[in-house]
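*Asks:* Going down the list, the sequences are from chains R and Y.
Here the first sequence is numbered in the working numbering, starting from 607 and rising by one per residue.
Here the second sequence is numbered in the working numbering, starting from 407 and rising by one per residue.
Careful, some of the hints might be misleading.
[Said to hold, decoys possible] Below, in silico cross-link-like pairs of lysine to any residue (SDA-like), each with a Cα-Cα straight-line distance of 20 Å or less: (1) R:K762 / Y:Y850; (2) Y:K684 / R:K762; (3) R:K771 / Y:K784; (4) R:K762 / Y:P787; (5) Y:K781 / R:N770; (6) Y:K645 / R:N770; (7) Y:K781 / R:Q768.
[Said to hold, decoys possible] Counterexamples of contact, computed for chain R against chain Y with all Cβ distances above 12 Å: (8) D633; (9) G664; (10) R671; (11) I682; (12) P683; (13) Y738; (14) I742; (15) E769.
I should point out that these hints are in silico values taken from the structure, not numbers from a laboratory.
We put the CB at the ideal spot given by N, CA and C, even for glycine.
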Amino acid sequence: MKKILSTLCLLILTNLYGHTLIMNMMDNEDDTITVEGMFSTGESAVDAMIRIEALNSGEVLFQKRLPDEGELILDIPKEPYQVVLDGGPGHIIVKEGIAPMKGFASVTTNSKPQKKELSKTMTSRDSWSLPYIVLISLTLLLVGLGIYFSKRNTDKILKMIQENK
Amino acid sequence: MEKESNKLLKQRLQRVHVAAGISFSLFMYIAVFFGIFAILLPYIQVWEKPSRHIEYMDVTKVDYATMIDPVISDPNFPTNNIRITLPGYQHDPVLKVSHQFVEPIYFDPNTKEMVAHEGDQSQLAMFLNHMHYGRPLKTFGYIVFGFVAVGGLFLIVGGLMLVVMIKYNNKARKPVSKFSKLHRKILTWVFPPFIIITLTGALMNIGYSSSPIMTYLVSKGETHRVFDLTSPVLFPPTKAIEKQHEIASMLPIGELIQKASEVNPEIDFQQVTLINWKDKSAQVKIEGYNPYMPFLNGISNKPSVTLSAVDGSLIQQHKVLDKHWSGMFFDSMYFLHFLFGVDTFTRLLITTIMGVSAFGLGFGVLLWLEKKAKKFPKNVPFYHWMAKLSLSVMIGVLPATGLLFAMQWSLPFDLEDRFVWQSGIFFVSWLATFVWSLYRINSYQAAKEFLKLAGVLFILAPILHYLNSDFSLMTLWAQGLTQIVSVDIGLVVFGIILLIVGFALPYKENEIQKFWSNDL
């Protein structure tokens, strides 16, 4: 039985691949990077948006859609940055930018307060938000009540059966 | 000897049918119950959204340029393969401009203004559809519902064999005999559509995910992904058309649709793909559905007409029968499950058949429970976990779903996490019906309460719809939004039926016996 189950799991899991976006970033060692966008199937993500965002200010330093070649060669900014591959709602990939050969020019410790929000990789939502807390609490309460009523009524029925004998 | 072996076969077949039946029945019921709403999905998804309370417009009379041009002129908007979904597609009255990598934009074709699409805030129809195939439980749900479909196939075949092999007594008037008769009769009558829907359901839920070994063998070790083999045939990639980098003026989309209709008048056009738009090489691929060839098109096989957007000349035409036979076979299988492009009458017919099937499954469970109840003394109530679970799953789902509909128009559309609240309260209320089933010793009494509550909630849903939208029954009717009015009427009628059944159902032991002994 265990063998059958593990074979079934293996069968299903080996086929669980998605049509997900992948971003590759390569250092060209000449103060430029090559950013490539593609799907896990190998298909190029032409027309997906590539953005470079400054980590300190959240400012968009550069943005362009991927051309037909599926990759862009970009100058490395002088300040810390992140590269964003925006494939539309629910498909955002973010990677921290590669530093230039001589390092970032001025990494200020007292950086300005962030004005714009940085893009974040799309992950599952915060599962402990208010509705989840309320709904899970209600579920636990109902489970408790269910066990209580079940026991109470089962005892009643057992008593009736015994009396019947 | 032969007689003995025949008797043994019947006995074993019956036992395995009962064991598999009671194991799968509740899941099958869930799939069938929510499947009914999935059949009516196009109407519910229009009813649920304020942004869709707009009139339908003739696709050839829509002023596309006013709506589309500002969107595609945005330098940040993709320039190629922009999809325009025409008003009326899947009964949705809006015009949708979309691209793989951007959030879709919706327009009211009557006013040419952008509509405030509710997005994730309103997912009632999709949620009901997801419940149909176990999607809320993700991979686990797909696998469970997939195996339930396989179990369903086994039960249908085994059940039919039993009907042929065993001479059942149809004249007995005891509840057990009545449940047995109704279970057999109903499912014998509905088995042809039921078996097709179950088969295609099994294919979709676990057919693909369990195909790697067969794919690996068939491809002689080349791949284990089934889509690597099927995609080139079912969805062949379109060749990129080289841009000429010369700006050209485009013909109006309405005119191009008109031209496409002249090329192939049999197609109901649904989507337009803009290729190299505004360039001299620009093309439009206008695709749709050919209602004269049902079964053979609609999913992978989409008849299309490709025209030059500059002068409207015909570049390519794809007719239904141009597709590889495997594509037509694929579409016919899916057509039987999705009812793609069918009219309202057919949808209602299939809804009725599925509703009757749900009763068939219900009588099967009642039969099993009635046999269990016989083991208890007559003056001791039957209090069994399976009876309570079945009651909650099969009848308790009604008030929970009624609440889901009522919440659609009572929860504010700008409420944060609106869908989480709505779906969460649905699950909690469904669980609450299980607790109530355990609280009430008399299951019939609990069933009556669930039915009455469900009736009130289903009637309340359209009332809340009128109170919380800017529409009344009269304004909807006057504006020709009959589809939305029909959903309201359907909900009220369903609610009234539930109330009638709720009041008519007996709950005292002697009345129950009398009720099931009557001719139904």
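*Asks:* Going back to the hint list, which numbers does this structure go against?
*Replies:* Hints 2, 6, 10, 13, 14, 15 not satisfied by this model.
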